[in-house]
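One line per chain: the protein sequences are A and B, in this order.
When the count follows this note's numbering, it moves up by one through the first sequence with no breaks and lands on 779 for the last residue.
When the count follows this note's numbering, it moves up by one through the second sequence with no breaks and lands on 1005 for the last residue.
Hints in this document: simulated from the structure, not taken from any laboratory.
Where a beta carbon is used, it is the ideal one built from N, C-alpha and C, also for glycine.
Check the hints yourself; a few may be wrong.
Said to hold, decoys possible - Covered, in the sense of this in silico footprint (three residues per stretch, anywhere, with C-beta under 8 Å from a C-beta of chain B), are these stretches of chain A: (1) 149-158; (2) 161-173.
Said to hold, decoys possible - Label-pair distances were calculated between CB atoms; the ranges are: (3) A:127 to B:967: 57 to 63 Å; (4) B:929 to A:663: 40 to 46 Å; (5) B:836 to A:80: 39 to 45 Å; (6) A:72 to B:1003: 42 to 48 Å; (7) B:1003 to A:597: 47 to 53 Å; (8) B:836 to A:565: 57 to 63 Å.
Each chain, written out:
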Amino acid sequence: MESSSASTSAVRRDPPRALALLRTLSLACALVWSIWANSTRPPVVSGAVDSLHAEIDRARASPSMLLVRIDASRNIGAATQDPDRILDRVAVRIADELLEARVPLAPPAAAVEGWLDTHGMYLLPISSHPRVSRRLEREEMEASVAAIRARLSSPVHGVGGLNPRRDPLSLQPLLFGERGAMSYVDMDGRAMATGTGDLRARRTESLLIGLRGDADETRVRGIADRVSESDPVRIDLVGVQAQDKMRLTLLEGLLPKIALLLLSAGLATVAFARRSTTHALRAVGLSILSVACFAPFGPSMDPLSIPIWCALLATCIAILARPRARESAGALVILATSLTPLLALTHAPWQHMIWIWIWPATITLAVALRLCFRGVSDAHARDDDPPLANAPPEALASFSTRARSVAICLCVFLIAALTLQEFEVAPSSDFEFGSAHARELERAVARDFFVERNVVRFESEGSTVNEVLDRSPLTLKPLRVLLGDVANRVDSPGSFVLPGELLESRRRSLRTLNIDEKIGDLREILQAQGFRDEAFNEFLNGATELRRFPDAKAALESGLGEWIRRFIRTEDDRVILSHEFELRRTDPTFLPIITQVGTPRGAAISTMIEVRDFEASLAKLLLTQLWLITFITWASSRSLNQAITSGLCTAGTLAAVLVLTTTARFSMGAPLFPILLICGATAGAVTRIDPEVSGAKWKSWFCVWQASAGLALLSTGQAGWIEFGLTLTFGLVVAVGFARFVAPGIEQMLAGGTRARAEESSAPTSDTSATNVEQEPPQ
Amino acid sequence: MKRREVCRLLMRCSGLAGGALAIFSAPAVGAPATTKLERRLELWRVYARRNQRLVARYRSTRRTSLLKEPLYQSGTLLFEAPGRLVLRDDTIDGSTTYIDESSARIIPNRDGKDHEVVLDAGRDSPALRWILTKTLALFAPGDGSTIENAASLKAPRGRVPTLEILPLKKRDIRVRLRALIVTLDPASGAISSILIQESQGDEFRVELSDHRQDVSAADFQKLMDD
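This is chain B alone, in the form it adopts within the complex (with noise of 0.2 Å):
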């Protein structure tokens, strides 16, 4: 009678300890966000880490209200560590931006020299100064302090995964661009698409593949020369 006395006594201990438990580890269950997010990052620097030099192919899609259709095409990708970046359209339709820290200069492939447009990130831009920082570390090998720098940085649900960089609350940069959305592939964690939401409405997304880290620098040289 006594065993079976002491038995339920612990039994219920056991219960109430194990209760105790539960409630006590139940903050652990808001913790899963932070931990896909640094998940996600730990997952992006992976990638990012042996991309000195990077080629891919990408498919490009802008949808505008300017146009009746959205507008596609496919180009090469070319980064280079620091913060160099080449967007190279296939067609004669298409055009080539440079990216580097303090500029973008768009010219299209068709009278390129005519109609070339050169945008100074200067002051007085904020919107494109933070999107080229945000395009450049990316791809730059980083912890991803720059990436988190003014942006605020959210992993969405879902089985892909997916960083969404959103300015912070100026209104100078968000007056021309709401946000900013990455997605890795699951496996290498090799930058996929790159989303970029307009404040206007407009939104270009460019998907990438074939990529090829660490190209020699000779080869790297002459992909750009072509």
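Extracted from the complex, chain A is given alone in its bound form (with noise of 0.2 Å):
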């Protein structure tokens, strides 16, 4: 044993020419890698929350907008001015600049009401035509306008909304059989539609402009500027691209900023912690290597994203950062494999579960560069940690050692088992990243207008665009049973057209009614009741009106046809529609609800199943990553304790980031995982780093290094960031804690006491005496 170790030392002191040679060429490989594919293949930078979405299901196409708002603090003294007129007026001069790049958000009122008054009859279903029967009998018409007569003599008649020109005969509520059925026009919501197919909000002096999807940013931005000069009008471009933009633009300047805090605080605390600049340059620079080397191949850097890239690089570092003679082979595989827990997700959030390869492939890495690096880095290595052997045993063995650890364990889970009764999941869509102002803009679109991410599409395919259309109504039938209890309202042109086969049956039955005729008396009878019979020439213009058809051609020749045309993509020569439901909120108990009349697609759907996925991913992965620590740790020890000893500490880690979460109220969800699991390899890593109680600090170092992702997080200001360091760096802490105190203890524990660990000690395990084979002799 003596001999293999002075040659070993001999070896390391000295190492061969062909060792250099081999790190020589391994590192001008790994550079060169590096170099090429960052070059030929740069990392995507985003600025999207939605990477956790399906991608289907991600809001890439959804139009931008200009929310246009009155500037009180200029439009005040003498020069005030209606808050109606500078819209109206802002409106149209906006409209008149942007031409082809804007496009209707609602149907327009005037061509809604025209096309009410001209296809009203048409649109009401078969099913209603009796109803409408009754109300054409004569003494049926008779009551109704004596009704209009008596109504008229309330004061609240035309100021509560009453209005029998278009419709004396109260026929409107058969079309409009729910609520939200057509779009806008039907209900009194947050907003209005306005002649123009903008939106007006009710409760504030507000608008709310569409673009087209591919209108140029700039010539909107400069067009904004223009009008908001001249008027008292803020106007900011809104909506999931322009919040991605914005938020890009906030990531590239973060960027920098948190790569330079988190390589300066690891370069001082590794430099600090090894009294050598070397170490500390070369740990840092390797590091950088290991990922530059897989970056272009991750995820896009997002905002999600940012925070495992940090951790992985720390984790680097801190894998580079350590004496060689403190690690074991269980505690490398245990980090390289902190995300493989991922795996075990059936709804697979983190982008097709990318991670779970490029964080093992660069913890390999480094670690390749590591072993490289050996000689050197041995040969400059101060451990003045004495070993196993050389430690007092009744330290080890002490009571209170064992008792301690016992209490620990004891209050961290009963403290979580009474705190995790009740927690709030908060999706990915609600990751606070943004300035002020972007969250601003956000809130004031779901207040006054509406929840762009609460918005579903339902679609369906055609060969040509009439075609599409003509059929949407039959499409939208099923999907009408959402609006009420799960649905707001529905944006369809199915709403307004009909199909052919619909059109001749509904044809056929109106004819049966008999209306020409019917409204004839009913002209007589307003006549004779001393009504005006022109007033109402709206409705009975129309009603008689059965030749012109709402089909897919009138459609769209009419004043509806910009809008509709909004709906309508086309994809490999296939034609799209979409019909667009507003969601209430987006609770999970809708999915089956949803999911029963169609395949919907949106922002909502993929976060109602991360939602109600939650627990049951979670609860997936914490035993996923025990099982896994358990067994590597077993592996690589063939010691069943000290298996049971890291799953514990990792279970007792785990437990106290989940309190943490709770209890300080963080946005617990799917992008959390990550970070959690991190903190659990940790726990298990660092449980198996150094078996030697007198090696102890170089777990806390290893923490350390680690949790400077966690600090450079902290420093960005940003809300999730600052959660999500947070946890990071207290996950790391109480990871240490439990290595240090707990582990101990429950080890001995479990080995039956100071005898039989004084009789372990005696037969080290194969995992110990292979470490103690690789360590240098203290200097």
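Reassemble the complex: the two chains are provided individually, in unrelated frames, and hints are given to aid placement.
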């Protein structure tokens, strides 16, 4: 044994030339690879926070919008103008300047009125025709007209919104079966459609103007700036795309800062711990190289993945900075498989599990680079920790140590059991990242108009525009059950057009009602009861005009055409039409109802799945990680006691982190999974890193180096990242606490006390002996 | 001689002082507008103070482009503080309107149940909510703050005391309602007429007479049940 140790030491002090050549070669290969990979395929930086959503649910195609609000600070004094007039003027000016870049967000009010006047009778479903027939009977019509006259003697008739001109027989309620079925036409929601199809908020002085998806943003901003200069308004670009761009700008500013902070913190702490600047520079440099080799192939650098990239870089620094003698293969494998439990998720939010191979590959490369530098590293290592055999056995064997360990474990698990009774799940779409102004804009749109992320789409296909539009009422019909409890409203051309087969059947049915004659009677009744029949001409003329059909062609040529085209797109010679529903909220209990009627798409669907599956996913992840760490520890040490100890420390760390996130009311959702797993894996790894009590300081340093990622995140000031940073830092502190203060006691207790442990110390485990073989003798 | 000069000087000084007084008191000339409004509100307060239960007769006129001729009705107004108002037309061709703070019900006197309309003054009907609040506040005892709230109050010139209540510049109210004009009795302060000017040009005027204030609860209930 001694001779072996001596020869090993001799080799390390004087590394062979072959090793130096291998080191240079591998370093050069890694360097060339990273430069080539980063130059040919630079890492993607994105401001989107929907990377956990299924690709098909992401709102990439949703158009941006212009939010116009009255600037009260400029509309004061003698020059005060009526907000309505300002908004009307601004809307007209923007429409004139934007031209084709603008799209109606709602069916224009005048176009809808004209459409209903002309085609109202056709739009009534056949099931309502018996009731229409009853209302067209002479006695019924006389009673209806008399009731209108009677109601006119009420002071609140007009102010209350009663307007019998367009519907003297109260037929429209038959047309508007459910509130919200005809977009903004039949509902008194937060907003109403203007004459040009913009949305006007009811409660605030603001206007929302839709933009085409391919609108030139620079031109739009230029127009907005010009208009806001001449009128007392503030104009902002809003919508998912605009929000993503704002976040991207912010992210691009923060990335250098966070990288600099992380690397500086790593450099300083490694230099301090190892008392060597060379070590620090080498560790940080090789870490950057390791990450750079795989960054182009990893997930895009967005607000949700940047914390993981930081943690990966910090973990590489920690691996490369530690003295070679103080690590075990088991610990490295645990660290490399930190994110492997993500495989257990049925719903794969983490970008198709790309992290599952990027993380271990980077760690493996870091370990490989470290192996290349083994000789150099160990030649300069300052290891003044005495080996296990030199430690006083009393310290390890004390009863208080074991009792303390058990007590800490029990306390943590008890607190976790009490705290985790109830927690609120926050979906990834709620992740807080961005400027306060951007968040305020998002809230303003949600409050005054609609919640964009709650909009889901149902799609139908066809070969031509007319075909898909003609069929749209049929594809919309089963979806209408969502209106009411699940959805506020539906935006769909299917509410306004009729397919050919339905047109024919309705025409036949309407002919049986003998409408021409009945409308003639109604005209007489109106005159007889003192009404001016011309005042009801929109209804009287429209009801008798059955030669004009509400078909796809007429709809596209009418004032509704521009709005209808918003729902139609062409993909690979297929014409696709969308029906858009605004859900009341993203409640997972809606999912069975929604999926029963169709195949919905939209961020809301992914959000609901994410929230619904959160608890099951969390349980799966934690159990998988516990099993994995226990298994790896057992496989590397062949000691069940050590395996159980590692598992217990991991479980304790995870429980403590969950307690923190719950009590501090952090956003608890799928974005937190990797952070939890990293904390758990670190707890398992640092328990295994050095089984010797006297080498405990390296456990602490390992966590300090990793925690530099958390500290760098904290410094950014972004709420979401601060939560991530705090969780990671806290988890690592708890991990090292468990490794240092709980693991020894538990392991001894499991080993059967002092005597058993003493026996073990005389016959060390394979892993410990392996480590001891590699140890450098104290200098 | 000296005495005359002193007298002249005194006269000049008094003239200057008078001029100064006139100048400094000039802003008071603009005050009558406010004073007039205050006076009229005070007049109304005196009347409304005793309106715990009010019964009055009315004659209503609706001018609308829907009808060839104005629509005249007469009926009984019943008000119980703080927020219950009923306008019951006398004839079978008329209707009965029940008003409270949150809704209005219009029931035609003939076939009422079949053609009853309930207007909910919820969040989405600001114009209706505004008119209901103001109408109830006009009859209820109070200091007038409810009338002034979310409205612009004016006292137009003229011998007949009139209050013009305009909704503030809110599109969702003004899209339906232009103004509410209330005429008071110069002696008693009783509301003699209410004119509702709708945005589309229609007008509804109700002229009140035979005010019976502080009607006993039993009598009031009897009138309500009739």
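Hint check:
1. 149-158: The restraint on the stretch 149-158 of chain A holds, since 10 of its residues have a Cβ under 8 Å from chain B and three suffice.
2. 161-173: holds (count 4)
3. A:127 to B:967: 57 to 63 Å: Between residue 127 of chain A and residue 967 of chain B, where Cβ atoms are some 59 Å apart, the hint holds.
4. B:929 to A:663: 40 to 46 Å: holds, 44 Å
5. B:836 to A:80: 39 to 45 Å: The hint (39 to 45 Å, Cβ to Cβ) holds, given that residue 836 of chain B and residue 80 of chain A are roughly 44 Å apart.
6. A:72 to B:1003: 42 to 48 Å: holds, 47 Å
7. B:1003 to A:597: 47 to 53 Å: With a Cβ separation near 50 Å, residue 1003 of chain B and residue 597 of chain A satisfy 47 to 53 Å, so the hint holds.
8. B:836 to A:565: 57 to 63 Å: holds, 60 Å
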